[in-house]
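**Q** Order-wise, the sequence lines are chains S and B.
Here the first sequence is numbered in my numbering, starting from 1 and rising by one per residue.
Here the second sequence is numbered in my numbering, starting from 1 and rising by one per residue.
Everything labelled a hint here was simulated from the structure, so no lab data went into it.
Cβ atoms here follow ideal geometry from the backbone N, Cα and C, with glycine treated the same way.
Fair warning: there could be bad hints in the mix.
[What the hints assert, rightly or not] Partial list, derived from the structure: chain B residues whose beta carbon lies under 8 Å from chain S:
(1) A247
(2) L250
(3) G346
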Amino acid sequence: MTTITGNWDDGAQVIDLTRSPASMRAHNVSAWFGNHKVLERVSLDISAHQVTALIGPSGCGKSTFLRILNRMHELVPSASLAGTVLLDGEDIYRGPKPVTDIRRQIGMVFQKPNPFPAMSIADNVLSGLRLSGTRLHGRSAHAVVQQSLERAGLWNEVRRRLSEPGGALSGGQQQRLCIARALAVEPRVLLMDEPCSALDPTSTGVIEETMAHIAHDVTIVIVTHNMQQAQRVSQQCAFFLATHDTPGYIVESGPTEQMFSEPEDPRTRDYVHGRFG
Amino acid sequence: MRALEVNALGFTWRSLFCHICRLESLGPVVATRMKGRNYVSSSVEDIREERLEIRVSRPPADRVYRAVARSAGAVTLVVMGLIFLFLLLRSWPALRDARWSFLTESKWNPDAHQFGIFALMILTFEIAIVALTIAVPVSIATALYITEYAPRAVRRPLTSLVDLLAAVPSIVFGLWGRAYLEPRMVNLSKWLARHLGFIPIFKVTTNTFAGSTFIAGVVVSLMVIPICTAVIREVFSQAPPGEKEGALALGGTRWGMIRAVVLPFGRGGIIGGSMLGLGRALGETIAVALIISPITDKTIHIIQGGGNSIAALIANRFFESSPFAQRALMAAGLALFVVTLLVNAGASAIVSRSRSGAATEI
């Protein structure tokens, strides 16, 4: 549970402050780009309050699956999908909620840090709220900025230069700014698509700490190529695989510890021990 | 030999070292190791080090192509220079006659030796500003529709259609404007004058509405739209996809994403495209000449009949002018040439300096 401590003096309180982490369930999800099928009937349960890691070699559909979870997949022209995705039991594709609302509840952090470079750091954090029509001013805005940056572990580094452009930060800081920006809209699930692959080990470490820190407040699903990272940050794990000319599917999923120590499938064992991929 | 200051400790060693060099005139020394530390004696380096001269022998085909490309580029510049020179020489007697009053005088009466560019320049800009006021918003909207909203199948045809608009000869726009648009625009002009007459630019002092700056500006705007749209569309299409996805992933609507990412990114392109359009609008000749009822006094009442532009003035007057008046018109042409050149140079500077103009990385 999160609560924003701050003075909401402008009366118009739009954000639900007691939004809790949600569970997600994907059932028989398939995906295509044009006529090319990239995912084959993938089913996965994602528990609330936990970090779920999606691992597997390149091109096995992990990222596609992740993007299906917050309806970013459909932005690619010619992309299509089948199956059901539930957010706390509610179908995000067939339900009544508009897509903008779904994406607000299921935030996303991308592989390449993508802050709005011309906007100030503070405005970057507030941009999600502005995009969804919430304009905060004065102290309430500052409270959101501070709280989000604190959660993303960036506050101490940028507190004195909130009005500097977001593009001036280092790569790792930019990525944490993107996390802060995603957290500011109080999502119930946060999807992270290889968030550290463009960063150096130190920044990676800081981001992993950040993830451990926020995992109580928001369900996290992370795609990673890094076995050690999956082991360090996640409690649940799903192993994706695609062989020649066949779309990607989940070989095995379960508690991370078990997946790494005693996997059921020999392919999983080979992959987590670095024998292929 | 110059002494090198690295640090206090290094200095003593170095002066000693220099001493030895001078006394014994050692050969070129690049680095010496003393007491386990590396000292790069750059004072010696500067003098003795021989820099490698890299010569690349280009294959003949490359050399020929270079020569052709270079001379083609040079021809453009030379032609520009020659045109400038031609205008300057031809207009020189008139300019010498008018002196600085050429820039400040509002009357255009060369045969009475009373002429200047001031009022004409203002009238020219009035038409251009009317044109841009219409063309820029339309161009931005068109560019946004093409890059962000239109279905993929429609994008390409729509783009070529807008480009095709640029291929329509301006005389056609002029004829259409004169014969079709003007009689219909007059009613709008009347309406504007009646309801917005309290605003000075919409005020009328006469009862004629045909041949106004307003109507000429509307026709010119049609010729400016393709240029503006092409530049703005190009810049919008380069808006970084990562940022666009970021905005959408935050729960933004498409319009929200456009305001957060595409428009800030494309600002340089919008300004640059508008200025390129301005350059085009300032120089537009035949359409304006066909429509406008020429006057030579400055006015801000754009709705009422009567306006002018330098290009239209030259087209209308040139062949019926005395030799001296022709030289005065040359001078007017020179002024237009310089202003247009400056506007276009400013436009390209803005486009290339903006974030959207440079190849961006983020």
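**Q** For each hint, tell me whether it holds in the structure or not.
**A** Tested hints:
no.: 1; hint: A247; in the structure: holds, 6 Å
no.: 2; hint: L250; in the structure: holds, 4 Å
no.: 3; hint: G346; in the structure: violated, 22 Å
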